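Construct all of the structure, not just a fragment, from the sequences and the given hints.
Here is what each chain is made of, one letter per residue.
2 protein chains.
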Amino acid sequence: MNETELHRIDRTVKQWLRTSREFILSKMQQNLSVSEKSSRKDLVTNVDKENEKLIINKIRTFSPDSQILGEEGFGDQIRQTKGWVWVVDPIDGTMNFVKQRDHFAIMIALYIDGQGVLGYIYDVIGNQLFSGGPDIGVFQNDEPLAAPENVSLRDGLVCLSGPMVMHNYRNFQKVAEASSGLRIYGSAGIEMIHLLKGETVAYVSYLKPWDFGAGKILTETLGLAVTTVDGKPLDMLSSDFVMVATVKAQQDILPIIGSNV
Amino acid sequence: MNETELHRIDRTVKQWLRTSREFILSKMQQNLSVSEKSSRKDLVTNVDKENEKLIINKIRTFSPDSQILGEEGFGDQIRQTKGWVWVVDPIDGTMNFVKQRDHFAIMIALYIDGQGVLGYIYDVIGNQLFSGGPDIGVFQNDEPLAAPENVSLRDGLVCLSGPMVMHNYRNFQKVAEASSGLRIYGSAGIEMIHLLKGETVAYVSYLKPWDFGAGKILTETLGLAVTTVDGKPLDMLSSDFVMVATVKAQQDILPIIGSNV
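From first to last, the protein sequence lines stand for chains A and B.
If you're matching positions, the first sequence starts at 1 in our numbering and goes up one per residue.
If you're matching positions, the second sequence starts at 1 in our numbering and goes up one per residue.
Simulated from the structure, these hints should not be mistaken for laboratory data.
These figures come from a predicted structure and were not determined experimentally.
There may be inaccurate statements among the hints.
[Said to hold, decoys possible] With a straight-line Cα cutoff of 20 Å, these simulated EDC-like cross-link-like pairs (lysine to aspartate or glutamate) come out:
{"no.": "1", "chain 1": "B", "residue 1": "Lys41", "chain 2": "A", "residue 2": "Glu199"}
{"no.": "2", "chain 1": "A", "residue 1": "Lys37", "chain 2": "B", "residue 2": "Glu177"}
{"no.": "3", "chain 1": "B", "residue 1": "Lys37", "chain 2": "A", "residue 2": "Asp155"}
{"no.": "4", "chain 1": "B", "residue 1": "Lys197", "chain 2": "B", "residue 2": "Asp102"}
{"no.": "5", "chain 1": "B", "residue 1": "Lys37", "chain 2": "B", "residue 2": "Glu22"}
{"no.": "6", "chain 1": "A", "residue 1": "Lys41", "chain 2": "B", "residue 2": "Asp155"}
{"no.": "7", "chain 1": "A", "residue 1": "Lys41", "chain 2": "B", "residue 2": "Glu177"}
{"no.": "8", "chain 1": "A", "residue 1": "Lys174", "chain 2": "B", "residue 2": "Asp42"}
{"no.": "9", "chain 1": "B", "residue 1": "Lys197", "chain 2": "A", "residue 2": "Asp102"}
{"no.": "10", "chain 1": "A", "residue 1": "Lys41", "chain 2": "B", "residue 2": "Glu199"}
{"no.": "11", "chain 1": "B", "residue 1": "Lys41", "chain 2": "A", "residue 2": "Asp155"}
{"no.": "12", "chain 1": "B", "residue 1": "Lys37", "chain 2": "A", "residue 2": "Glu177"}
{"no.": "13", "chain 1": "B", "residue 1": "Lys41", "chain 2": "A", "residue 2": "Asp42"}
{"no.": "14", "chain 1": "A", "residue 1": "Lys197", "chain 2": "B", "residue 2": "Asp102"}
{"no.": "15", "chain 1": "B", "residue 1": "Lys174", "chain 2": "A", "residue 2": "Asp42"}
{"no.": "16", "chain 1": "B", "residue 1": "Lys208", "chain 2": "B", "residue 2": "Asp230"}
The following block contains the structure:
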């Protein structure tokens, strides 16, 4: 894809995101309709659903031949990643959205033939949009974002999911102890933003494709390592324990959790 | 104390805090000098120390007969709480300050004869000052803050310290599982702010007097329960496992951790 076309798509997606943010903010003035998906800790609201429809409608109009993978199921059933695939998470961190009315994100990614092209993570309340891809670099709003320092596990903070810590999954308590400290923010998008800004050195959680689609593109563009906890490449149509880390922190973590790569 | 005097003190402390914030921001342009206190996870910087001296100098000039309890040791050795006692944490969340350059707070509290009178938690980067006390209510910057809803443990997010979760101290893993989710932010001041805004329903951690001095006054003013994990009153000269929670969440947590009050 040539640069003009890439920038045209980039400007278009940013317009969708601003519309989508305004939509969410307006809906936050009203009562939410909250329901449970797989468990009482896996919530969805009317705003998640309506916002996914809004974004998917924009994509269908802009790019009718694309496949769309959406968290709330208004996209397509995708079996292969050939061609253009959009990945949409209309509200990442729905629990934070419901309980905190803050600390959640809209996420959109564009993959072409399985390669990440453009990723977007929008911190709605903070009004901070992280965007970009391998051909244009990463931006925080309109400012280019420098690659974070390659900091070791010992010298950095790590983010893990609560259940992984409590069940000591794959010895991750030892990872937390070997770091400078453990943080839990409750939204993959928000945790990815901390990584992009160099505020943490690793994030590990069980993630679905819409949880990591945008973050993978942005963090890889800034030189972070994105793999499964076994150090293997991600399958963008599957859920897995995903690890995003500085190269040094990844090298520190893999032996602790018994992954020999 | 009459209302005029209380407002005079309040205005004065807010001026100190704005000066102190500017000082920290200016120092963040320079290299930090970081050293370890009790362990490699217990840091202090030149900015913590210089900022404590700055605040203590202001207090000594304003109120020369007060006692001052300061985290970095530039205050007094305090053995009893009679009279005016100021409690100062120049940078709460020093690890976040060092690693994230964000998500830390300046905290100041005034106790008179052991009773909390005024408390201040200043999110420096977010520029959000939480202030007030039992006689004037609580404010976020200049806006009065309403009391958070009395939400149960099941329906709210909880903040615990990483070590408490990992070592399952007093069965707190079960508390996290019984809640809507676990969050860890790494600064007592920032965690208190989440409680004040109703974004979480409980926060439990091993805290020193400067960690809870201001937060106790503000959260109690908004109707939250502040006790030890055994449901007992805090001793403001001692460190302890401190629990700040909605009344409902406190009632839900105490039986899980085996405290019969």
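Results of checking the hints against the structure:
1. For the hint linking Lys41(B) to Glu199(A), the alpha-carbon distance of about 16 Å falls within 20 Å, and the restraint holds.
2. For a cut-off of 20 Å, the pair hint linking Lys37(A) to Glu177(B) stands: about 17 Å separates their Cα positions.
3. Between Lys37(B) and Asp155(A) the alpha-carbon distance is near 16 Å, which keeps this suggested pair within the 20 Å criterion.
4. Under the criterion of a C-alpha separation no larger than 20 Å, the hint pairing Lys197(B) with Asp102(B) is consistent with the structure, at around 19 Å.
5. Of the pairs offered as hints, the one joining Lys37(B) and Glu22(B) is violated, with about 26 Å between alpha carbons and a cut-off of 20 Å exceeded.
6. Proposed proximity of Lys41(A) and Asp155(B) is supported: the alpha carbons are some 10 Å apart, at most 20 Å.
7. Taking the CA atoms of Lys41(A) and Glu177(B), the gap is near 10 Å; set against the 20 Å cutoff, the hint holds.
8. With a C-alpha separation of about 18 Å, the suggested pairing of Lys174(A) with Asp42(B) holds against the 20 Å cut-off.
9. The suggested pairing of Lys197(B) with Asp102(A) holds, with an alpha-carbon distance near 11 Å, which does not exceed 20 Å.
10. With a C-alpha separation of about 16 Å, the suggested pair Lys41(A) and Glu199(B) falls inside the 20 Å cut-off, and the hint holds.
11. A hinted pair counts as satisfied when its Cα atoms are at most 20 Å apart, and Lys41(B) with Asp155(A) qualifies at roughly 10 Å.
12. Proximity of Lys37(B) to Glu177(A) is assessed by CA-CA distance (about 18 Å); at most 20 Å being required, the pair is judged to hold.
13. Between Lys41(B) and Asp42(A), the direct Cα distance comes to roughly 33 Å. Violation of the 20 Å bound is thereby established for this hinted pair.
14. As the CA atoms of Lys197(A) and Asp102(B) are separated by approximately 11 Å, the hinted pair is consistent with the 20 Å bound.
15. Taken as a hint, the Lys174(B) and Asp42(A) pair is honoured in the structure, with Cα atoms around 18 Å apart against an allowance of 20 Å.
16. Restraint check for Lys208(B) and Asp230(B): the C-alpha separation of about 17 Å stays at or below 20 Å, so the hint holds.
Comparing the model with each numbered hint stated earlier shows that hints 5 and 13 do not hold.
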